[in-house]
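Trainee: For the sequence shown, the working numbering puts the final residue at 101, and the numbers step up evenly by one.
Do not take every clue at face value.
[Claimed, not checked] Pairs of lysine-lysine, DSS-like flavour, derived with a Cα cap of 30 Å:
#1 LYS39 with LYS60
#2 LYS27 with LYS39
#3 LYS27 with LYS48
#4 LYS6 with LYS28
#5 LYS69 with LYS56
#6 LYS39 with LYS56
The set of hints was computed from the structure by calculation and includes no laboratory data.
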Amino acid sequence: MANRDKVENPRFQKLLTEHANEVRLFKKIATIVRNVPLKNYQNSLEFKGFNKTMQKLLQKLELFSLINKLFNTKPEPASNVANAKKKGEKETKQSDQMGLF
Numbered sequence: 001m002a003n004r005d006k007v008e009n010p011r012f013q014k015l016l017t018e019h020a021n022e023v024r025l026f027k028k029i030a031t032i033v034r035n036v037p038l039k040n041y042q043n044s045l046e047f048k049g050f051n052k053t054m055q056k057l058l059q060k061l062e063l064f065s066l067i068n069k070l071f072n073t074k075p076e077p078a079s080n081v082a083n084a085k086k087k088g089e090k091e092t093k094q095s096d097q098m099g100l101f
């Protein structure tokens, strides 16, 4: 705000004066803090791979291509036939379902 008088546009000068508090806040928000002590935490910040919990969640969400990229695996999507067998239900053929459309 010390160089506010050097702004040539009178409208901008007025805005800077009227909104000085907001300008200071925005500058503080936009400033990247670079003097954070990290020596004690350096080992814990090291990336050691994704955990199995994340992989299970991605499978539940059926994000198989992402699982393949992150875990270098090709999981098989759970099919309706496999789910039906687990529940003791009849298998439904795909051709029978296509007749509904």
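Trainee: If a hint holds in the structure, say so; if it doesn't, say that too.
Mentor: Taking the hints in turn, this is what the structure says about them:
For the suggested pair LYS39 and LYS60, the alpha carbons sit about 38 Å apart, so the restraint of at most 30 Å is broken. Between LYS27 and LYS39, the direct Cα distance comes to roughly 28 Å. Compliance with the 30 Å bound is thereby established for this hinted pair. Annotation: proposed proximity of LYS27 to LYS48 is violated, straight-line Cα distance about 35 Å (limit 30 Å). Straight-line distance between C-alpha atoms of LYS6 and LYS28 comes to about 21 Å, which keeps the hinted pair within the 30 Å bound.
Under the criterion of a C-alpha separation no larger than 30 Å, the hint pairing LYS69 with LYS56 is consistent with the structure, at around 14 Å. With a C-alpha separation of about 33 Å, the suggested pairing of LYS39 with LYS56 is violated against the 30 Å cut-off.
Hints 1, 3, 6 from the list above are not met by this structure, while the remaining hints are.
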